[in-house]
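Need the complex rebuilt from these two chains, each delivered in its own frame; the hints are there to steer you.
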Amino acid sequence: MIKKILLTIFILYELNTFRMWNACRDFSDKFHFSYPQMGLRLEDAVHNDIGFSPELVRLFHNKPVFFVNSIFSNYFHFWDIRFGVMFFSIVGYFGIFCGFWYLVRSKFKYKLMMLALLLMLPLVEIFGGSISYDARLILISFPYLVFSIYGIWGFMRDKKGKGVLIVLGFLILSIWYQYVFSGDIFFDCVKK
Amino acid sequence: MKLNKLIIILILLLAVFLRFYRIDTDPPGLYIDEVSTGVNAYKILTTGQDEFGVPYPLFFRSFGDYKPPVYIYSVASVMSVLGKNELAIRFPSAAAGSLSILLFYFFIKRLVELKSNKIQPAIKKYLPATGMLLLALSSWHIHFSRGGFEVNLALFFYLLGCYLLVLFWGNNKAKYFVGGFILFALSAYTYHTFRIISPLSWLILLTAFFIKLPKLRKKIIRCGVIFIILIIPIIQFSLTSKGSERFVQTSAFSEYKADTTTQKLFVYPMVYVKNYISFFSFDYLFSNGDGNGRHQIPGFGLLYRWQLPFLILGTSWLIKQKRNAYKYVVIGLISLAPLPAALARPSPHSLRSLLLILPITILISLGIVIFYINLKKFKKIFLVFLVIIAMYDFLIYAHFYYNHYPKVNALDWGAGNKQIVEKIIKHKGKYDYLVIDKNLNFTEHYVNFYMDSVELLVVESSWVKPKEWEKKKVLYIRPNYGNVNNEQIIDRAYLPGNNNDIYAEIWNL
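Chains S and A are the protein sequences, given in the same order. For the first sequence, position 102 matches number 88 in our numbering, and the numbering has no gaps at all. Adding 6 to a residue's 1-based position in the second sequence gives its number in our numbering.
Same shape as in the complex, but just chain A (with noise of 0.2 angstroms):
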């Protein structure tokens, strides 16, 4: 029992190192959301408003969309702590992350041990552990911890939920019902797919519950209005323009061509199976990801190449198994988390369907236990094996983390606007006008993170100084359009790591 409970320790810690270590400069710069999440958080923090001066609101206008408010509250927390800086911000989304992990082995311990499962012992012993280990070493599961993603922490606490609901499976305890629900809830309010997912759970676990104990049924009934009662204000936000804004935008339905409702009813439910079986594709898990520069580097898949065996393995023995606690939930959450990243574009998408992360690994897990006990001989062999493949897999995959990343896919994060912010701070007091190229995307929102209240223009490449500002000087940033040798520009930003590559320059006009 103490050696479970050290290596439980040991998973966690190894977990917490994996999301910290070094969080602040790797992803190499905040990317748009997280800048304007640190916008408003700040604001929040310190005015009691939003950047559009609008008083604690529920909903937060951002680029194109409004975010859900969970994730904001919790970086303007941290920042009361921490200040405003790149940690404060992507803290709440690795805090969760790594706590996910532990909370991982809990539920998968209460799963497992439900009266209902007829599951061999040694199963019993060997998957919590495997599974929250498995978890802790994810790439996946790391890469979306490391950044300011509002999914990491509305897993977190869909997972929470499930957990309770799990315990409530167990002893009929209503706290754990309503506790699991209000989690539920709770993570609609943090990030977009949630708002489908955790409604469809509760009507999923409100039926089954509803027919499996009929003694408990007006309980039931009473809490599972408070799940109403709490996403009533999401449910009238989102039939609004603005909240169905982020839906239109990227809706996957927009870029086929279907003007009548025949065709609408002819083509549109193909287009969501194509999208939903996407989110199945080998080469999407195991190969390429879903190819944004953002959620993962490139060439890697979402899981490693040595699991493949063992989803496999795992899937099948599910299929065997009867009727058990455990084959439902997992299916359960197979089949949801891709249900409403299908909707939009593009497909297959890692961020929005994070939450298949867990099912998937409590099938790999499934499949190296089934595979290790049922091993009459070498078993030390195997687990020595299956060790040394998955640290040389895992050693290749932070190498190229912490080395190739940062330089191969530092503009998809933004970096080398923090650089230009560092330039602007030193020639401050030196011009009059701050005037930025249009083509540097955002800069303008990473000046007014990283500084409070700065004026500044920002304009297209044509632009030419105005007559009336001959006697003024203007401190004019503009990418690097080619090798310009010109007495006018008196300084540089250049991407952060060692390829020393222009990113901007700045010119004193």
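Bound-form chain S, shown alone (with noise of 0.2 angstroms):
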């Protein structure tokens, strides 16, 4: 009974760190891939080369390699921790990676396809610049929030009383650090 009261609660304050993602009109630019940027940096980097064999130059700046540094580097935001506890707050966070812990460990015969797509969504925010915002919104907030219910509901069952503490403690820890910090959120993104 404590546990399905206590999801409840998360789940009212997990819809509520709606308020957060509204605020905003875009995420800042460090989410998105931009491939003119990519070349000036690729361009940059050759500028310093001076004295190099054209195929040295070429091992070092190749347009592969920039590219996946580039991506991985805009991915990196969305799985950066101070990104999540704005935006899913620190349960939540913890949630969705309890949600990672328990979906490996299950049966669930799709679980595989299951993984890849959740881990695939921020290609969504990274290279779908056209799509409105609040499209993109639901495609990325919504699977996280649902997935960090199912993490959190995992870890309370699997841990029992201890669970149900932690998540309760991190539940208040929430509540207060987002309290303190509700401003940060404009850090990754641009205000209404």
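Don't take each hint at face value.
Said to hold, decoys possible - Residues on chain S that point at chain A, a partial pick, calculated with CB under 8 angstroms:
| hint | residue |
| --- | --- |
| 1 | F4 |
| 2 | F46 |
| 3 | F58 |
| 4 | D66 |
| 5 | I67 |
| 6 | V71 |
| 7 | Y96 |
| 8 | S118 |
| 9 | I161 |
| 10 | Y163 |
| 11 | S168 |
| 12 | G169 |
Said to hold, decoys possible - These stretches of chain A come out as covered by chain S in the derived footprint (C-beta under 8 angstroms, 3 or more residues):
| hint | region |
| --- | --- |
| 13 | 401 to 411 |
| 14 | 455 to 465 |
Note that these hints are calculated values from the structure, not bench results. On a predicted model such as this, the values are computed, not experimentally measured, just so you know. Glycine included, every Cβ here is placed at the ideal spot set by N, Cα and C.
Written as structure tokens, this is what we have:
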């Protein structure tokens, strides 16, 4: 019973975090891949290679490597703990990781497909600049929210009384944290 | 067995090479703290006093804070052999960094061999050498080993202390216990963050051993007291205004407005939480580091990106383990490392959290070894593939470190100041007064380091030659404020590298 009550509070609180997402007009540039910017960085890097043979310059500075690095850089921002605790809250972010933990360990038939889908969701934001922010918002935030609920529920069931206490502790910490640092979301997004 | 020894020797040689190759010119200059260390070390060596005339101090007055003594005395002893130069200042850090690689091998080896561990023989076999290799190639560790950073020496003492305590765990010999805590105390005298990390480690380990080894309780208490006696001076000093000066300057709480005690109690814990978790940010670890040009190459994280899946694998494997010694040690080190650093700003900070590199490297190594031993097929293909990716990533890092970094981040390392001093020496005897523009940050200290007791005047950029100096010759050094073609400019100091960027103009007034 306590678990269900706590889960309900958690869901209500997580729905409340949508306020954060809704306060934004768009994510900041660091989340978006930009081909011209990548080109500029590449050009800048090549300029420092005076005296090197063209083959060596190409070995270190080429489009495939810069492309992969840029995508990684954009992608890591989504999994950054500082982004996570603001947009999903501390308990929500913890729930997402628990979700991955329990999904990997489960015997669910389509778990690999689901994992791949969840891991690839941020690509919508990285490449989907032309899609409206609201659509991207629903595409990205909603699945993670559901997944976070799955993770928290799994954790509370798995760890029993200790799990309930930990989730409760995280929940209090989340409310406290978001109250103090509510303005920090604008490091990651553009104000409406 | 012979092959194993050969591998260890080769990795060690690689580590030494990566930490010492062109260490005097890359990074491309001494940064201001290195200069301060050099000046004090040289004064101690030649006069037995620091730059302010205090004989053999326990804490060295520096720019706005007091430096712990061990690194400065180490540099002084190296200077007695190598002379007053860049190599002498960086040598203790590079040597400690190289020795840490070997020590890390033995530390992991002893840790996984503890009887209380239930661990697969294959992990015991492969983990120490894998960890050693990864630490040897770690861009984070290489970077801080190549500058005159005290933290690297402190990390070496702390690791040696941990190693001795693991030995004690295995055989309960008191000498290892005492030795371990003496080294913890030594690390506290080497770098600021270990003033918190070492006592905390002491407290945790003392409690753990006290509970686990009831027969040795008296011995444990007696040995534990030695640590307290050793760190009494540092505790006393930390409680004075001088000792807490650095903390006050860099306090993470100072930038948040909280006037009343209630406000402070409400805001400060969350500031600390925010800073603490920032050390586990993916962007910090894998993409951009802490953003300080002196701490990493721009655009590079502290870890290589290919290591991420292995870090996740190693971490999840460790979480699943039952109560084992290495689990406690790794989790303990991960939790401890950011504790003091989170009190300061900016956060995260790769220098202050260097200790994190040890548990993270163990986790990545675990990930690689577990993946390898669980592969039923294609083991060789996996190894070849991994080596190619790791080598390529490392070569890119090395290329950026030796070619791009000295040009792009020259100013972060105080480059150009040595070139100014060379110009001053070149024009020696041709002037009565030496005047330096304040906007050339700290140049006077570089002059002080490279040339002994030179009289000079530091002035604002609006300075004009006073009338009473009309008949005197002045060598005036100022930044390049623009393209001024003035006959009074007799020389220029350029930044090192082939960009021909002017750093300063030498005027004859």
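**OP:** Against the structure, test the hints numbered earlier, and report the numbers of the ones violated in rising order.
**Re:** 1, 7, 8, 9, 11, 12 and 14
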